[in-house]
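The listed protein sequences correspond, in order, to chains A and B.
Going by the numbering used here, 65 is the number at position 65 of the first sequence; the sequence numbering is gapless.
Going by the numbering used here, 125 is the number at position 125 of the second sequence; the sequence numbering is gapless.
Check each hint, because a few of them may be wrong.
Pairs involving identical chains hold if they fit within one copy or between any two copies, as the list cannot separate such chains.
Claimed, not checked - Below, simulated EDC-like cross-link-like pairs (lysine to aspartate or glutamate); rule was C-alpha separation at most 16 Å, straight line: (1) K2 with D204; (2) K213 with E355; (3) K381 with E146; (4) K86 with E72; (5) K152 with D289; (6) K294 with E233; (7) K152 with E330; (8) K219 with E233; (9) K86 with D18; (10) K127 with E241; (11) K152 with E185; (12) K209 with E118; (13) K382 with D204; (14) K389 with E320.
Simulated from the structure, these hints should not be mistaken for laboratory data.
Protein chains: 2
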Amino acid sequence: MKIDSLDFFYLSMPEVEDIGDGSQDALLVRVTAGGYTGWGECEASPLTTIAALVCPMSHSACKPVVASVLGERLTQPSDIVRIHQKVRENSMDLLQSDHALSGVDIALWDLLGKMCDEPVYHLLGYKHSYSKVPYASFLFGDTPQETFEKAKRATQQGYKAVKCGWGPFGKNLQADIEHVVAAREGVGQENVLLIDAGTVWGSDVEVAKSRLKILQEQKVTWLEEPFHTSALEAYRALSNESKTVKLAGGEGAHNEFMAYHLIDYGDVGFIQVDAGRVGGLTSAKRVADYAFQKNVTYVNHTFTSHLALSASLQPYAGLEGHRLCEYPIELKPLAYDLTNDHLELNQGGEICLPEKPGLGMELNLETIKKYLVQTQIIVNKKVLYETPKL
Amino acid sequence: MKIDSLDFFYLSMPEVEDIGDGSQDALLVRVTAGGYTGWGECEASPLTTIAALVCPMSHSACKPVVASVLGERLTQPSDIVRIHQKVRENSMDLLQSDHALSGVDIALWDLLGKMCDEPVYHLLGYKHSYSKVPYASFLFGDTPQETFEKAKRATQQGYKAVKCGWGPFGKNLQADIEHVVAAREGVGQENVLLIDAGTVWGSDVEVAKSRLKILQEQKVTWLEEPFHTSALEAYRALSNESKTVKLAGGEGAHNEFMAYHLIDYGDVGFIQVDAGRVGGLTSAKRVADYAFQKNVTYVNHTFTSHLALSASLQPYAGLEGHRLCEYPIELKPLAYDLTNDHLELNQGGEICLPEKPGLGMELNLETIKKYLVQTQIIVNKKVLYETPKL
Numbered sequence: 001m002k003i004d005s006l007d008f009f010y011l012s013m014p015e016v017e018d019i020g021d022g023s024q025d026a027l028l029v030r031v032t033a034g035g036y037t038g039w040g041e042c043e044a045s046p047l048t049t050i051a052a053l054v055c056p057m058s059h060s061a062c063k064p065v066v067a068s069v070l071g072e073r074l075t076q077p078s079d080i081v082r083i084h085q086k087v088r089e090n091s092m093d094l095l096q097s098d099h100a101l102s103g104v105d106i107a108l109w110d111l112l113g114k115m116c117d118e119p120v121y122h123l124l125g126y127k128h129s130y131s132k133v134p135y136a137s138f139l140f141g142d143t144p145q146e147t148f149e150k151a152k153r154a155t156q157q158g159y160k161a162v163k164c165g166w167g168p169f170g171k172n173l174q175a176d177i178e179h180v181v182a183a184r185e186g187v188g189q190e191n192v193l194l195i196d197a198g199t200v201w202g203s204d205v206e207v208a209k210s211r212l213k214i215l216q217e218q219k220v221t222w223l224e225e226p227f228h229t230s231a232l233e234a235y236r237a238l239s240n241e242s243k244t245v246k247l248a249g250g251e252g253a254h255n256e257f258m259a260y261h262l263i264d265y266g267d268v269g270f271i272q273v274d275a276g277r278v279g280g281l282t283s284a285k286r287v288a289d290y291a292f293q294k295n296v297t298y299v300n301h302t303f304t305s306h307l308a309l310s311a312s313l314q315p316y317a318g319l320e321g322h323r324l325c326e327y328p329i330e331l332k333p334l335a336y337d338l339t340n341d342h343l344e345l346n347q348g349g350e351i352c353l354p355e356k357p358g359l360g361m362e363l364n365l366e367t368i369k370k371y372l373v374q375t376q377i378i379v380n381k382k383v384l385y386e387t388p389k390l
Numbered sequence: 001m002k003i004d005s006l007d008f009f010y011l012s013m014p015e016v017e018d019i020g021d022g023s024q025d026a027l028l029v030r031v032t033a034g035g036y037t038g039w040g041e042c043e044a045s046p047l048t049t050i051a052a053l054v055c056p057m058s059h060s061a062c063k064p065v066v067a068s069v070l071g072e073r074l075t076q077p078s079d080i081v082r083i084h085q086k087v088r089e090n091s092m093d094l095l096q097s098d099h100a101l102s103g104v105d106i107a108l109w110d111l112l113g114k115m116c117d118e119p120v121y122h123l124l125g126y127k128h129s130y131s132k133v134p135y136a137s138f139l140f141g142d143t144p145q146e147t148f149e150k151a152k153r154a155t156q157q158g159y160k161a162v163k164c165g166w167g168p169f170g171k172n173l174q175a176d177i178e179h180v181v182a183a184r185e186g187v188g189q190e191n192v193l194l195i196d197a198g199t200v201w202g203s204d205v206e207v208a209k210s211r212l213k214i215l216q217e218q219k220v221t222w223l224e225e226p227f228h229t230s231a232l233e234a235y236r237a238l239s240n241e242s243k244t245v246k247l248a249g250g251e252g253a254h255n256e257f258m259a260y261h262l263i264d265y266g267d268v269g270f271i272q273v274d275a276g277r278v279g280g281l282t283s284a285k286r287v288a289d290y291a292f293q294k295n296v297t298y299v300n301h302t303f304t305s306h307l308a309l310s311a312s313l314q315p316y317a318g319l320e321g322h323r324l325c326e327y328p329i330e331l332k333p334l335a336y337d338l339t340n341d342h343l344e345l346n347q348g349g350e351i352c353l354p355e356k357p358g359l360g361m362e363l364n365l366e367t368i369k370k371y372l373v374q375t376q377i378i379v380n381k382k383v384l385y386e387t388p389k390l
């Protein structure tokens with residue numbers, strides 16, 4: 001079978017707010033081969049990633065992503081690995097191509113799973129899919145009281161782990177202390193508390209260190225992204241003093257190498273991988289294998305739809321000891337309504353991947369239509385991109 | 001003074017060939033403030049980088065680059081550093097933004113230089129600009145004989161250093177040996193020979209090692225990009241055995257951190273920085289400072305116009321011991337004719353930066369008009385980008 005079509009759909013809420021909520025728009029990928037359809041999702045900036053798909057060639061190592069995908073043979077996992085490698089080589093100098101590749105790769109695995117009547121995690125080499133403990137991921141409140149209430153509400157909804165991030169955090173030590181104390185009060189002593197600094201400290205180790213005491217006292221499991229993804233020396237320096245608090249990072253990695261570096265040089269305890277950025281499931285599975293081997297815990301990063309959520313869990317579905325998973329709970333309707341299926345918490349407060357072919361998520365075409373952004377790119381009078389028909 | 005306008009111009013040769021020649025298209029940046037105009041250039045994929053400039057916001061850390069630049073104050077170097085940081089923070093999740101920022105940053109330094117009536121290297125902190133030894137950079141011939149002739153021609157034109165790269169190199173050991181021997185014969189024993197593998201070996205250390213003997217025998221000064229920019233372990237492993245042949249790499253770095261990693265973890269002897277990718281002159285100067293401190297030699301990477309060439313030399317203009325510079329000699333007319341000024345070899349086979357304000361290069365508007373690619377991006381019936389007026 002050959003890949004017959006590759007289409008990108010740009011979705012957006014009518015208003016996009018200036019907040020750290022990545023569910024306000026989406027770039028959906030649809031790929032078809034032999035009558036089967038696969039879906040994937042890219043992070044982030046839909047327009048820019050569409051351009052990476054269709055742009056004119058600049059030179060031999062800077063080709064549009066579509067050129068390495070359309071017409072390719074697809075019958076087994078090694079075909080996806082081959083296509084993945086072809087994109088990486090042919091689009092090496094096209095920076096955004098890693099994000100475009102990510103959604104395409106996810107869609108290819110979904111398609112192959114449907115073709116083979118297997119869940120993706122099987123195709124990736126896992127026999128079983130183990131349930132994960134989702135942490136409710138939300139923005140810090142504007143006040144400690146609001147943080148407390150958000151955390152409390154999450155645990156009341158059945159979450160055994162909670163992550164607070166971004167918002168006001170990181171700018172003022174005293175305020176940070178109050179927010180962390182409030183968050184711990186909200187989640188209770190028996191549950192897991194995680195803190196996400198959202199790279200707020202750049203590469204400033206000293207200012208990050210000043211937060212370690214309160215994080216240790218409040219038994220925070222990880223401190224996420226104290227620094228820019230590439231500030232490896234800073235990660236290592238902080239890790240040397242963080243004791244019970246492990247560092248977490250990696251969401252910015254746009255290839256597997258960057259994740260390896262955080263493990264090898266940055267000394268993180270948790271490696272967080274966004275399958276929609278790192279190069280799809282092909283790259284994410286490599287990171288999971290590497291993390292397992294290095295005794296580092298893999299965690300998904302995702303803040304969009306349940307299609308992206310299902311995709312993000314497949315690469316470590318078979319790693320029993322890697323228990324936590326990110327689970328955004330403040331999704332915009334665009335993201336939540338994108339799928340008819342959802343990965344809901346079971347009575348034990350855990351989630352399981354669907355035992356269905358591919359990613360196991362049925363798309364809601366009405367949602368796509370509702371939020372579809374009509375887009376057109378014209379170069380020298382030639383229409384390179386136009387929002388495709390559903 | 002405030003930044004009044006920021007415009008991108010997409011230029012292309014009528015035909016773009018599937019070869020490793022980056023001078024076939026260009027993305028020019030024009031910025032104006034207080035009646036002054038600055039010019040810069042981004043690498044690569046003009047359409048994708050334009051999208052990064054104008055795309056709709058996805059969330060607070062994924063904003064279009066233009067939003068962090070227009071209207072900003074610009075009167076001194078620290079203003080550029082501030083704008084640079086603002087783009088990095090506001091466009092953190094927009095991968096291509098690093099390439100867009102690069103051209104914008106270059107144009108800002110050019111503009112500030114004109115405003116202050118100073119060459120950019122002065123503003124970057126250097127008192128003197130030292131002449132550099134350009135290496136003629138060209139693709140390997142299809143046959144060793146052709147490689148020999150290209151190398152011979154370059155030395156006859158006055159070059160004291162020659163770099164052969166890409167093309168057939170890296171795929172067959174015996175052919176590689178013949179090409180390297182032919183290149184050395186062409187340049188003669190007295191001149192510098194450099195080899196560029198163009199990441200052909202991915203992260204395969206063994207296959208790279210098999211080339212070391214011939215490179216050592218032929219007194220090759222550096223082996224460039226044996227691996228993917230991020231394959232740091234592979235770089236280090238090869239470096240441990242490369243003896244007289246130093247490794248060179250870094251052109252793929254899209255921020256200063258990636259260059260630091262090649263120095264710290266990859267053990268390169270030469271760090272090659274493309275100012276049009278790494279984050280402009282602001283980031284490139286940081287890499288130059290770091291390299292100097294770590295006893296690693298800085299080299300520019302550039303394969304486009306003399307505007308880009310002048311920009312690429314400014315960050316290490318004042319480093320007297322860092323002698324070599326890349327100097328593409330097979331530029332397409334688009335790239336060569338883009339400027340009225342050119343950095344030509346002097347009688348000693350060296351080049352000097354112009355002692356003029358900014359980057360010291362006058363643009364040729366006729367060339368821009370001739371190769372201008374009319375481009376339009378429409379999102380939800382709103383024209384987000386249209387090729388601007390010259």
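Evaluation of the provided hints:
1. Neither within a single protomer nor between protomers do K2 and D204 lie at most 16 Å apart by alpha-carbon distance, with minima of 50 Å and 30 Å respectively.
2. With identical chains, the CA atoms of K213 and E355 are never at most 16 Å apart, being 43 Å at best within one copy and 54 Å at best between copies.
3. When the C-alpha separation of K381 and E146 is checked against a cutoff of 16 Å, the pair qualifies neither within a copy, at 53 Å, nor between copies, at 40 Å.
4. Taking the closest pair of Cα atoms, K86 and E72 come within 16 Å of each other only inside a single copy of the chain (10 Å); across copies the shortest separation is 41 Å, beyond that limit.
5. In this homomeric assembly, K152 and D289 never come within 16 Å of each other (Cα to Cα): the closest approach is 35 Å inside a single copy and 49 Å across copies.
6. Only between protomers do K294 and E233 lie at most 16 Å apart by alpha-carbon distance; the minimum there is 15 Å, versus 19 Å within a single protomer.
7. For the homomeric pair K152 and E330, the shortest alpha-carbon distance inside one copy (15 Å) is at most 16 Å, but the shortest distance between copies (65 Å) is not.
8. Within a single copy, K219 and E233 get their C-alpha atoms no closer than 25 Å, and across copies no closer than 35 Å, so neither meets the 16 Å cut-off.
9. When the C-alpha separation of K86 and D18 is checked against a cutoff of 16 Å, the pair qualifies only between copies, where the shortest distance is 15 Å, while the shortest distance within a copy is 36 Å.
10. In this homomeric assembly, K127 and E241 never come within 16 Å of each other (Cα to Cα): the closest approach is 38 Å inside a single copy and 42 Å across copies.
11. Taking the shortest alpha-carbon separations for K152 and E185, only the intra-copy value of 8 Å comes in at or below 16 Å, while the best inter-copy value is 75 Å.
12. With identical chains, the CA atoms of K209 and E118 are never at most 16 Å apart, being 47 Å at best within one copy and 41 Å at best between copies.
13. Neither within a single protomer nor between protomers do K382 and D204 lie at most 16 Å apart by alpha-carbon distance, with minima of 48 Å and 41 Å respectively.
14. Within a single copy, K389 and E320 get their C-alpha atoms no closer than 41 Å, and across copies no closer than 60 Å, so neither meets the 16 Å cut-off.
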